[in-house]
Every structure is written in C-alpha cells, then in structure tokens.
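Generate the whole structure from the sequences, applying the supplied hints.
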Amino acid sequence: MRPEGRGDLDSLYFDYPQFEAPDRGGELVQETPVVIVGAGPVGLVAALTLARFGARSILLEKKSTFNDGSRAICVSRSSFHIFDRLGAVEPFLEKALGWTKGRSFYRGRQFLEFDMPHDANEKFLPMYNIQQQYIEQFLYEAARDTGLIDIRWRSEVKNIHEKAGRVELDVTDPAGAYRLKADWALAADGARSTVRAMRGLRLKGENFEGRYVIVDVKMAHDYPTIRRALFDSKSNPGYTVLVHRQPENIWRIDYQLKPGESAEEATREEKVRAMIAGILSDIGHEGDWALEWWSVYTANTLLLDDYRDRRIFFIGDAAHIVPIFGVRGLNNGVADGENIGWKLAKVVKGEAGEALLSSYTPERRGATLDVFANAGKSTRFMTPPSRGWALMRDAALSLSLSAPFAGGFANPRQMTPFTYAGSPITIGADEDFESGARPGDVAPNVRLDDGSNLVDHFSRSFTALWFGAGAGAEAPIAQLKKLDPDMRALNVAGAIIGAETINDDAGAIAERYGAKAGDVFLIRPDLYFAGRWRGENASKITDALKTILSAGEG
Amino acid sequence: MADMNFADLEVFYERLATAIDEAGAEKTDLFLTKLSLLLANKLGDKHAALDAIEIALKDIS
Numbered sequence: 001m002r003p004e005g006r007g008d009l010d011s012l013y014f015d016y017p018q019f020e021a022p023d024r025g026g027e028l029v030q031e032t033p034v035v036i037v038g039a040g041p042v043g044l045v046a047a048l049t050l051a052r053f054g055a056r057s058i059l060l061e062k063k064s065t066f067n068d069g070s071r072a073i074c075v076s077r078s079s080f081h082i083f084d085r086l087g088a089v090e091p092f093l094e095k096a097l098g099w100t101k102g103r104s105f106y107r108g109r110q111f112l113e114f115d116m117p118h119d120a121n122e123k124f125l126p127m128y129n130i131q132q133q134y135i136e137q138f139l140y141e142a143a144r145d146t147g148l149i150d151i152r153w154r155s156e157v158k159n160i161h162e163k164a165g166r167v168e169l170d171v172t173d174p175a176g177a178y179r180l181k182a183d184w185a186l187a188a189d190g191a192r193s194t195v196r197a198m199r200g201l202r203l204k205g206e207n208f209e210g211r212y213v214i215v216d217v218k219m220a221h222d223y224p225t226i227r228r229a230l231f232d233s234k235s236n237p238g239y240t241v242l243v244h245r246q247p248e249n250i251w252r253i254d255y256q257l258k259p260g261e262s263a264e265e266a267t268r269e270e271k272v273r274a275m276i277a278g279i280l281s282d283i284g285h286e287g288d289w290a291l292e293w294w295s296v297y298t299a300n301t302l303l304l305d306d307y308r309d310r311r312i313f314f315i316g317d318a319a320h321i322v323p324i325f326g327v328r329g330l331n332n333g334v335a336d337g338e339n340i341g342w343k344l345a346k347v348v349k350g351e352a353g354e355a356l357l358s359s360y361t362p363e364r365r366g367a368t369l370d371v372f373a374n375a376g377k378s379t380r381f382m383t384p385p386s387r388g389w390a391l392m393r394d395a396a397l398s399l400s401l402s403a404p405f406a407g408g409f410a411n412p413r414q415m416t417p418f419t420y421a422g423s424p425i426t427i428g429a430d431e432d433f434e435s436g437a438r439p440g441d442v443a444p445n446v447r448l449d450d451g452s453n454l455v456d457h458f459s460r461s462f463t464a465l466w467f468g469a470g471a472g473a474e475a476p477i478a479q480l481k482k483l484d485p486d487m488r489a490l491n492v493a494g495a496i497i498g499a500e501t502i503n504d505d506a507g508a509i510a511e512r513y514g515a516k517a518g519d520v521f522l523i524r525p526d527l528y529f530a531g532r533w534r535g536e537n538a539s540k541i542t543d544a545l546k547t548i549l550s551a552g553e554g
Numbered sequence: 555m556a557d558m559n560f561a562d563l564e565v566f567y568e569r570l571a572t573a574i575d576e577a578g579a580e581k582t583d584l585f586l587t588k589l590s591l592l593l594a595n596k597l598g599d600k601h602a603a604l605d606a607i608e609i610a611l612k613d614i615s
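Chains as they are written, first to last, in this note's numbering: chain E, 1 to 554; chain D, 555 to 615.
There may be inaccurate statements among the hints.
Heads up, simulated SDA-like pairs for lysine to any residue below, C-alpha to C-alpha not over 20 angstroms straight-line [unchecked claim]:
(1) E:Lys377 to D:Phe566
(2) D:Lys612 to E:Arg310
(3) D:Lys581 to E:Asp394
(4) E:Lys377 to E:Gly205
(5) E:Lys234 to D:Ser615
(6) E:Lys377 to D:Thr572
(7) D:Lys612 to E:Asp394
(8) E:Lys163 to E:Arg310
(9) E:Lys377 to D:Glu564
(10) E:Lys377 to D:Asp562
(11) D:Lys612 to E:Ala406
(12) E:Lys204 to E:Phe405
(13) E:Lys258 to E:Arg107
(14) E:Lys377 to D:Glu568
(15) E:Lys234 to D:Asp613
(16) E:Lys218 to E:Phe14
(17) D:Lys612 to E:Gln110
(18) E:Lys62 to E:Arg24
(19) E:Lys377 to D:Ala561
(20) D:Lys612 to E:Ala390
(21) E:Lys271 to E:Glu261
(22) E:Lys516 to E:Asn503
(23) D:Lys612 to E:Ser402
(24) D:Lys581 to E:Ser386
(25) E:Lys377 to D:Asn559
(26) D:Lys612 to E:Pro385
(27) D:Lys612 to E:Pro237
(28) E:Lys377 to D:Asp575
(29) D:Lys612 to E:Lys377
(30) D:Lys612 to E:Ala403
(31) E:Lys377 to D:Ser615
(32) D:Lys612 to E:Phe405
(33) D:Lys612 to E:Pro404
(34) E:Lys377 to E:Ala390
(35) E:Lys62 to E:His161
(36) D:Lys581 to E:Ala390
Derived from the structure by calculation, the hints contain no laboratory data.
Structure (structure tokens):
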C-alpha cells in the first residue's frame, strides 16, 4: 500500500520500467525445454542457472514490471554466492548494505548485541540489506544479457496440463492466446501460485497468530546498518518492533499487531503514520520522514508435501511460506532456484539421467523444514503462541537487564546453513575423516595467498579438489571430464596433469577441509560437498559422479 | 557453581513454557513458587538462592 494520492508504482526512490508483451511481428516460439512461471527473484535465479549451463528457457510473468514494494530485504551470504556464480553479483555489492550485527532493546535499554558468524576467509558478509525491486532489476538485467532467456511480460498462464510426456500451458497476453509446449515447467509464481492452484495442490502446516505491519520509510537517519529489535517499547507496549536500514535512505520498520486487532484497521494510513511517529521517537529520530510503502505479514510455516508434480517443480514461495524471523523467504527460494536449475540443465543437455531430479524435493523440502525448526524458536520469542511462552519471553527480557545470559534467548541465530547429509546424491565413506566440513555441507571458502578466493577457482559445474601429489590421479580426472565436460580439477599443493595448481603454503585449505595429501573432494555446482575420499579410495570419485548424474540411465 | 550451558538452558526454557500452560493461569503462581523452592533446595547454597531473589525482583514494575 502507498499513501493517499500515490499509485502502486509511485515510489520515492525507484523508477519502475514498463515492459511490453512479446512482439508478434516475428513468429513466437511455442516450444521450449524449460518454461518458468514467475519472474521474481526465484524464477530469475532458476533461469540464470539454466543459462549458466547453456540451457534455454522461456520465463512468463503476469505483471509488466518489478514488485510494487520491497518485500524481501535481507539477502544472505549464501544468496550472494549464488548471484556471484551467475555473474550478477557486482551491482548487488555496489548497492546493498552489508551487516554483521544485531542489537536488542527492552523498554529502551539495550540488553543484547550479537554478531553473525563471520571471518576473514569468507568472500561475502553474512547479510546484506537491499530492496526487492533492485534484486529483481539486477537479476533481470543479467538474464536479458544471456541471450538464452526469453522473458515474456504481461503473459498469464490460464491452464497447465501434461500431455504425451510434455507440459502444455495456455498463455494469454495483450495480443492474444497461445499454447506453449515445454519438456519441464518450474512454478515460481509466489505464495498465491496459480500453477499450484491449477494442479489442485495445497500448502500444509501452521498459521501462527503473529502478524506484522511492514513499513518502508524514507528519512535521513543516522544509525549504522545494524538490525534493531525493540521489545516492549513505548510505541508498541508488550509487543515487538524491528528496524532495518536499506539503501537510498529507506528504513524498514516492522511492528507486531496485537491479537484481535484488525489488519484492515491497522493498515489505514493515519494508523500507520501514528505508529511510525511513535517508533521513530523511540529510536530518537527527530527529523522529517516520508511514508514509502507498507503491507501486512503473517508468520506462517506452510509447505507442499512434494515439491515436484511429475514434470512440474515448485520453487520459492510457490512451494513454501516461512516466517520472516529466519530471513529465509527469499534466500530459501533463491537456493531452490539454483538447486533445480543446475539439475535440470544437466538433464536437458543430456549429461544426466532424470533420476537426478528426484533429489530436488528431499534436499530443498528438507531445507524448509530446517528453517521451520530454527525460525520456530525465533517466532516463539517474537510472537509467543501461548501464555506460557509469553511469560517465559517476558521473564527472559526482564532478567536480561541484570543477568546478561538471559539475553541469549533473543538471538535469532539466522545463519546456520542447512546440510544435505541425508540427500540421495550425497556420497562418500566419511568415517575416514575426523575434521573439516562434512559431505552435504557447503564447501568452505578459503582466502588464498594471492588474495583470490578458493570458490572462484571452482567450476560452474562439478569440481574435483585433489590434495598433494596425487599419484594416479590423471586417469580418474580424464574419466570425470568425460562424464562432465565442464568439470574442473584443482590440485592443492601439487602439479597433477590436467588440474589447476592451487598453492597452500600455510596449509589453510588442508585445515579447513580436514585433508591430507592424496585426499580428494567432489564439489557440486551449488558449492555443496558431494563426497570426500582418503587417498587409497580416491578413484571412487568417478563412480560417485556416475551415481549422482545417473549416467547411463537417461 | 558453574552455569548451565545455553543449549541445555534452552531445553529448560521450552519445557517450562509448556509446563506453565499445563498448570493453567490460576495455578501458575503456585507452580512457579513450588519450582523455585525445589531449585533452591537443589542449589544447596543459601546466599546464591537469596541473591537470585534480589535479581529476579529487579525490572518487574
């Protein structure tokens, strides 16, 4: 919503482009390997990931421009790594505001300051704030420049069904209607997914009581990029307020509604203005401010039983709704897009069997359940579901002022990455290793002696990381390259033929990977570890890649 | 006496939240007072137990 007299796209800082429907002057392509419904951040990441492997797609978007307001604002390190691999991270680094700290206040007194996990080996900060419109704009520009993504604005899907092993979609745009045939479809059409509704599928889970009004305010306000949480403040006694800085002097203010308070009443402009005036007084802002945009949000944990419906995959909010406190709505969706993107690219290019696609639901639905478990703790603290939880929260807050340990309950602990340890494509006899990241974890970055990042040396596809001289490594490397033409072999502190040498004089890589000379690590296109083997078993890496790609099956 | 580690304390926090709901609104005071007596007895330290009362009395207005 926007203030009286301003249209949906009348932003104080963002100029919305207007995109036209596809030109009918030429013949409109009506067949594609992959169709993606929804050009939000999640659909765009999926399309860009396919394009990264040279796979074409058609992207259908009902609207004629980017999101009307800035819904998602917190973008995590893992999403920056994804944008980086898509070649799109530069404008994000220029525009976004990075942060590492949060502060919590009870009745105006600070009782907690927490740091998110970060060290000098990381390529990116733990979190960045940037408005969703910019996220969409930067990804759109990258997608346009690939030449492989046919983006069709003002194009609405009216019907979707499967016929003769393909997906058929009836698409309507201002110039008329047509039928589009695709081998695979990705539904990235958001929380109110029409594809999901047309397939007769429903999200299942819990609707929590906690509702927030989320408001963007433009003001010159002097405070670093630190997330602030206000508990029991003067402006919202008994409830919570969150304050985040965004680029362009825009500040995100989220405040909790009282149970029974009507959302319609609470989102009337005068009501919002009065609340914001009170909150700004709480945080000591005395200058001018202007309302930019607001909306209402409910803390839900909902997801599909299966993220796959035969040849259709659900990604992002179309598959799951997560509470904001974990800052995993957009970040989780972006990871979905990359996950299905590289797997589908391998399948459509004939480099993997269709069985690879069966790993999508267990990996990404598992990640959502993990978000639910983590966000559940935050949600029960931010919006206690019962009298018992409310009393505990209030007791912890009151106690935190004189006994700092109690402040720990207010730490949102947003950064624990999910592991694919239980995935059908995580392989490797890991009992041989005592330390380092485990198969199913994200492969850690290491800042190298020459200042570059280890992850920058990885392939866009699979990477084999060999330690030491690697006697007999040439044959498996040649086999790996046959299985995956984009495979890259890296050799840490060695000179194996067919591999790029990486120096590790200080032993930092070996330490972070728990590796000895002769060991080998298989890293997936999305930076997850698929497996690791001690030197005597190093040749097993080729069988592992065969299993992952279900080579010979498709 | 060493403090409890935070992960264990979190387990206690969560169990106490549901236990308060089990006790019900009318009996919460009785339940929490019984619990305090039990914990003080387990603590086995008069000064620490009395000190805890003083800390808990702060910031409750």
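Results for each hint:
1. E:Lys377 to D:Phe566: This hinted pair holds, its Cα atoms lying about 13 angstroms apart.
2. D:Lys612 to E:Arg310: violated (60 angstroms)
3. D:Lys581 to E:Asp394: At roughly 18 angstroms apart (the allowed maximum being 20 angstroms), E:Asp394 and D:Lys581 satisfy the hint.
4. E:Lys377 to E:Gly205: The hint holds at about 16 angstroms.
5. E:Lys234 to D:Ser615: OK: E:Lys234 and D:Ser615 at ~14 angstroms, within 20 angstroms.
6. E:Lys377 to D:Thr572: Answer holds: E:Lys377 to D:Thr572 is near 14 angstroms, not above 20 angstroms.
7. D:Lys612 to E:Asp394: holds (13 angstroms)
8. E:Lys163 to E:Arg310: Holds - the C-alpha atoms of E:Arg310 and E:Lys163 are around 11 angstroms apart, at most 20 angstroms.
9. E:Lys377 to D:Glu564: Given that 20 angstroms is the threshold and the Cα spacing comes to 10 angstroms, the pair holds.
10. E:Lys377 to D:Asp562: holds (14 angstroms)
11. D:Lys612 to E:Ala406: Given pair D:Lys612, E:Ala406 holds - Cα atoms ~14 angstroms apart, limit 20 angstroms.
12. E:Lys204 to E:Phe405: Between E:Lys204 and E:Phe405 the Cα gap is close to 36 angstroms, so the pair fails against 20 angstroms, i.e. violated.
13. E:Lys258 to E:Arg107: It holds: about 17 angstroms lies between the C-alpha atoms, which stays within 20 angstroms.
14. E:Lys377 to D:Glu568: holds (9 angstroms)
15. E:Lys234 to D:Asp613: holds (15 angstroms)
16. E:Lys218 to E:Phe14: holds (12 angstroms)
17. D:Lys612 to E:Gln110: holds (16 angstroms)
18. E:Lys62 to E:Arg24: holds (17 angstroms)
19. E:Lys377 to D:Ala561: With Cα atoms ~12 angstroms apart, E:Lys377 and D:Ala561 stay inside 20 angstroms; holds.
20. D:Lys612 to E:Ala390: It holds: about 19 angstroms lies between the C-alpha atoms, which stays within 20 angstroms.
21. E:Lys271 to E:Glu261: holds (12 angstroms)
22. E:Lys516 to E:Asn503: Status holds; Cα separation ~14 angstroms.
23. D:Lys612 to E:Ser402: Holds: D:Lys612 and E:Ser402 sit about 8 angstroms apart, inside 20 angstroms.
24. D:Lys581 to E:Ser386: holds (15 angstroms)
25. E:Lys377 to D:Asn559: Distance of about 17 angstroms is within 20 angstroms: holds.
26. D:Lys612 to E:Pro385: It is violated: about 26 angstroms lies between the C-alpha atoms, which goes past 20 angstroms.
27. D:Lys612 to E:Pro237: holds (19 angstroms)
28. E:Lys377 to D:Asp575: Roughly 17 angstroms separates the two Cα atoms, so the pair holds.
29. D:Lys612 to E:Lys377: Roughly 26 angstroms between the alpha carbons, so the hint for D:Lys612 and E:Lys377 is violated.
30. D:Lys612 to E:Ala403: Holds, at about 10 angstroms.
31. E:Lys377 to D:Ser615: Not OK: E:Lys377 and D:Ser615 at ~27 angstroms, beyond 20 angstroms, violated.
32. D:Lys612 to E:Phe405: Holds, at roughly 15 angstroms.
33. D:Lys612 to E:Pro404: holds (13 angstroms)
34. E:Lys377 to E:Ala390: Roughly 13 angstroms separates the two Cα atoms, so the pair holds.
35. E:Lys62 to E:His161: holds (18 angstroms)
36. D:Lys581 to E:Ala390: holds (16 angstroms)
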